[in-house]
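Visitor: Read top to bottom, the protein sequences are chains W and U.
Here this note's numbering is used: position 659 in the first sequence is 659, and no number is missing along the way.
Position in the second sequence (first residue = 1) + 1000 = this note's numbering.
These aren't lab readings, by the way, just hints derived from the structure by calculation.
Treat the hints with caution; some may be incorrect.
Said to hold, decoys possible - Computed, partial: chain U to chain W, Cβ under 8 Å:
1) E1138
2) L1201
3) P1203
Unchecked claim - SDA-like, lysine to any residue: derived pairs with alpha carbons at most 20 Å apart:
4) K907/W / R1193/U
5) K850/W / G1092/U
6) K907/W / T1183/U
7) K867/W / R1193/U
8) K1146/U / A904/W
9) K1146/U / C859/W
10) K1152/U / S777/W
11) K1171/U / T823/W
12) K793/W / G1092/U
13) K850/W / Q1157/U
14) K1175/U / A904/W
15) K793/W / L1091/U
The beta-carbon is built from N, C-alpha and C at its ideal position, and this holds for glycine as well.
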Amino acid sequence: RARRCPAAMAALLEHESQIFLELFHRDGLLVCARGLGVDRLLLRFLRLYCEPASLVLVLNTGPAEEEYFIDQLRSDGVVHLPRRVTNEITNNTRYEFYTQGGVFFATSRILVVDFLTDRIPANLITGILVYKAHRIIESCQEAFILRLYRQKNKEGFIKAFTDNAVAFNTGFCQVERVMRNLFVSKLYLWPRFHVAVNSFLEKHKPEVVEIHVSMTPAMLAIQTSILDILNACLRELKRYNPALEVEDLSLENAIGKPFDKTIRHYLDPLWHQLGAKTKSLVQDLKILRTLLLYLTQYDCITFLNLLESLKASEKAFGENSGWLFLDSSTSMFVNARARVYRIADEKLNQKGKVPEKSDVKKENELKRELVLESNPKWEALREVLKEIENENKNSEDLGGPGQVLICASDDRACAQLREYIIAGAEAFLTRLYNKTFGKDEKAAEVWIADRKAVKSKGNARPDTGPQAKKAKLAASSKQNKNKKQQDRTIIQMIGKAEEEKREELEAEDNKQLSSSPENNTEETVPEDFHVNLPSDCYYGIFKDPLTIIHPLQGCTDPYALTRVLHEVEPRYVVLYDAELSFVRQLEIYKASRPGKPLRQVYFLIYGGSTEEQRYLTALRKEKEAFEKLIREKAGMVIPEEREGRDETNLDLTRDAKPASAAADTRKAGGQEQKSVQQTVIVDMREFRSELPSLIHRRGIDIEPVTLEVGDYILTPDICVERKSISDLIGSLNNGRLYAQCVSMSRYYKRPILLIEFDPNKSFSLIPRGSLHQEISSNDVTSKLTLLTLHFPKLRILWCPSPHATAELFEELKENHPQPDAETAMAITADSEILPESDKYNPGPQDFLLKMPGVNAKNCRALMNHVKSIAELVTLSKDELAKILGNAANATQLFDFIHLTYGEAMAKGKSKR
Amino acid sequence: MAAGSPVLLNPEGPGDPAPLPALKPGAKSSSIVVSPRQRGNPVLKFIRNVPWEFGDVVPDYVLGQSSCALFLSLRYHHLNPGYIHERLRHLGRSYGLQLLLLQKDPQQALKELAKVCILTDCTLLLAWSPEEAARYLETYKAYEQKPPDLLKERVEQDFLSRMTDCLSSVKSVNKPDALSLLTAFGSLANVVRASREDLSLCPGIGPQKAKRLFDILHEPFLKPPQNEPLPPPK
């Protein structure tokens, strides 16, 4: 009731309705600039199809996104809300569930099985919406679903959405391949520089104030040092690995966010071949990038702490990553320390530059004089807040003071900002210093006293912490007239909270209201207050006017910031850190509600810093990606049958069998060969992997069933258990693989263990150089050896990738009869075992082997001499000893058989 | 012999029917018996944890009474694709566990050999270095007599856990069932002596489970061909 209608549901903007109409009339892939509202468009389509008459599936959405969409639709008054297809809806009722119509968010694994088993009325589907479409590569589940859908449904639509243009920048003809997997022939490109977008947003531009803050000399020096070292590391890396593509490993890229991913992408496939030097270089690069981030993101103490801990761990582990000994790194240490403290004693300084902390610590601490350099951005933020405050004072014509939203990159930055604003730079830094560098209170006290002295002289900056706060509170108390009204709106916002809580808050408010005129000291600043916002990670500072800090990243709900933006409706937004998509989102937000708040956006950025560079690079990257896409689009040749609406699309005809010479000659002989449809039976649980999709792609039918034994049944004889490397290690350790091999070799002539490697990781079982001198029973190889010793009939397949597996499966099936699903499903512990598999019956044998005193060796003797378990219990201890050849074992076994439950319990107790 | 593949010594005349005074499969030896063909294979110098000796054997390595291995380097295989088939043919199926130990170059495909192994009843093992190959050979010898306990699920050693583990090896009998059987009948011996009806009267155990359990307890260990099936005693 108090909740305002979210802007996403407001009318579409000019360019948005153009996109919507285009995409509505003709299927295609929409690539939109980041932050330009691809979610708003998807939402619009969802809304269109939220009715029983249509059946629309949405692929590739995460739970948080689904929740957001459903929330938005609900608040828009949509009755037939989208539903999720999960395990909770049983197999039998699913068909009916689908036929009720509307929009479905489906788990891909479930949807694949539903398509394969006709549990979904494929011919009735109105269409499929694909979110995050850049991820649709050939082997993924979603591509499999689309293929199955197009085979069975030629009428329905496929519309795909993505806002990640940069993702298409990798690989050869990436966008065309994705479009092929999506079965769409149209590509809609909407970069930020699109004329329609640009001219429209120009009209509704929020007032942006860019504040270029300059870094302190020490910060600049540190940044230069880090860049130097970074460059040196990159050079080294290239020297050791000449094969690496040079362009991607430039310094400019190295400071960008996705660099870690890029480098892993290049190095992962050959990771096991890399020398120790390269590996440590990669590690160093990572550390350096973290340092660079910390430098601009956090305060001087946090930075120094990180640096010192690096040095300490270096000592502790004796690792030798060369960069710590470079000149630049010395200068970095000196500067980083100089930001925090200086050593008073000149002599000490001469003796050993900056002495080792641990050695001369005690002596040193007393002589340390704290400097505690404040962050330039903090000062800038204070200026901005002050300006906003001034404006709020004269804001009668705007309807009272406006809300403020401050955005910083992550949680830590937000927490720091909050403390800074509330407590002031000195108090905050002092506390942090004491926390990090021990009980150096004396130095801190001296520092504080110093500062106070300076302040009283009037030389201090006029607006330090408490003073500013006083000013703020004074300001708000002046606006007492407005205040009541303002309180109402806050209360409305809190309205979602329970009645009780609201009253409490109101009472608190009143208390504060009444006390504020006299008592405008810092105590009135609430320690912690809760505004019921749809996000779990905001940091409130002031209630009046509402001022909130929110992280840009790292929330559990990716839409948290969006929700907060729409709930708070800030008039002022301060971007403490710049992020491309949020900047765009602000533009859209502003444009979608002309005349509503959002007057000013402040943009704080360190001029000439890597931070600025990072932002600009991100902008440029996206622009380049779009330009490339535009070129590719111009040159794209799209086959007429791409959409797969007739029978001519080759991706849909599944006769993938290469025309082998033998088959051809037979056909030439005029003999109509009756081809049998190849089938593989696949366990339901295997649909998490991409292998079923790839098998299907090769023209082999897939029958999903629940198998008790094996994962894939290729022929009546061949049963395959698939293990990824991590599975293999795990199941060798916990006994699962042993049990699986037991049952496979009981019921199938050719049990196979398939070891499937990740194509993006190195293809090897144990890393190079990690072989122990001795045989160790913990090694995978040892366990694998033991396994094959006990299952001599077990075959092992080693596959470097799922693609290779699918190919191999096809060849293994050649000239063999097809497996039968009924038979495979019926194989349980009850069914007949292979006659030749063992001369003993498995049931009693398993039972026997679990008894104490019986082991793999003596159990044969037992089974040869004793008819059954029934006879076993009639034997005396002596008779058992004679058969087992060991009195101790016999006693164990005999006791186990004849001990009663009561006796066992009593025995156990007495032992304790 | 190509300089790049010193790994495999040339088989002296494929098809040569020279009667090898081979160690019969089944003959006991405490060391790995290595065929003289393998002389010069770098793998040999990494076999350090178990003894090995040359001997006239059909496979390249005899690892135990019923296990043996052929060694192949993928590089050699690509130069002489026919070689391994000849060796496999010659080996026949005289050992229970026949390994094809393949030393792999990362770049090469091994699909075809995987297929060959399935057809000729060989177990394919992949080693990425001579050290790793040697480690496999050593381990096979060292583990020749080792029981599979290492691979099995570990069970608590107290009476109750072992008893529930034992009884629940029968399909569909779960842990609570095992406990209720034990409390109802007192000891395992009494459970075994109980009639099918008595079993089915136990709480939680229906006629279905009772039948399964009863059958397992009275089924002969040996399968019929070796032994006349016995009517379960009343």
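Visitor: Next, verify each hint and record whether it holds.
Guide: Structure-based check of each hint:
1. E1138: For E1138/U, the interface hint holds, since the closest Cβ of chain W sits about 6 Å away, which is under 8 Å.
2. L1201: 18 Å, violated
3. P1203: Since chain W brings no Cβ nearer than about 15 Å to P1203/U, farther than 8 Å, the hint is violated.
4. K907/W / R1193/U: Roughly 24 Å separates the two Cα atoms, so the pair is violated.
5. K850/W / G1092/U: 37 Å, violated
6. K907/W / T1183/U: 16 Å, holds
7. K867/W / R1193/U: 15 Å, holds
8. K1146/U / A904/W: Violated - the C-alpha atoms of A904/W and K1146/U are around 32 Å apart, more than 20 Å.
9. K1146/U / C859/W: 15 Å, holds
10. K1152/U / S777/W: 13 Å, holds
11. K1171/U / T823/W: Roughly 19 Å separates the two Cα atoms, so the pair holds.
12. K793/W / G1092/U: Distance ~15 Å between K793/W and G1092/U Cα, so the pair holds.
13. K850/W / Q1157/U: Satisfied, since the Cα-Cα distance of roughly 11 Å is no more than 20 Å.
14. K1175/U / A904/W: 17 Å, holds
15. K793/W / L1091/U: Status holds; Cα separation ~16 Å.
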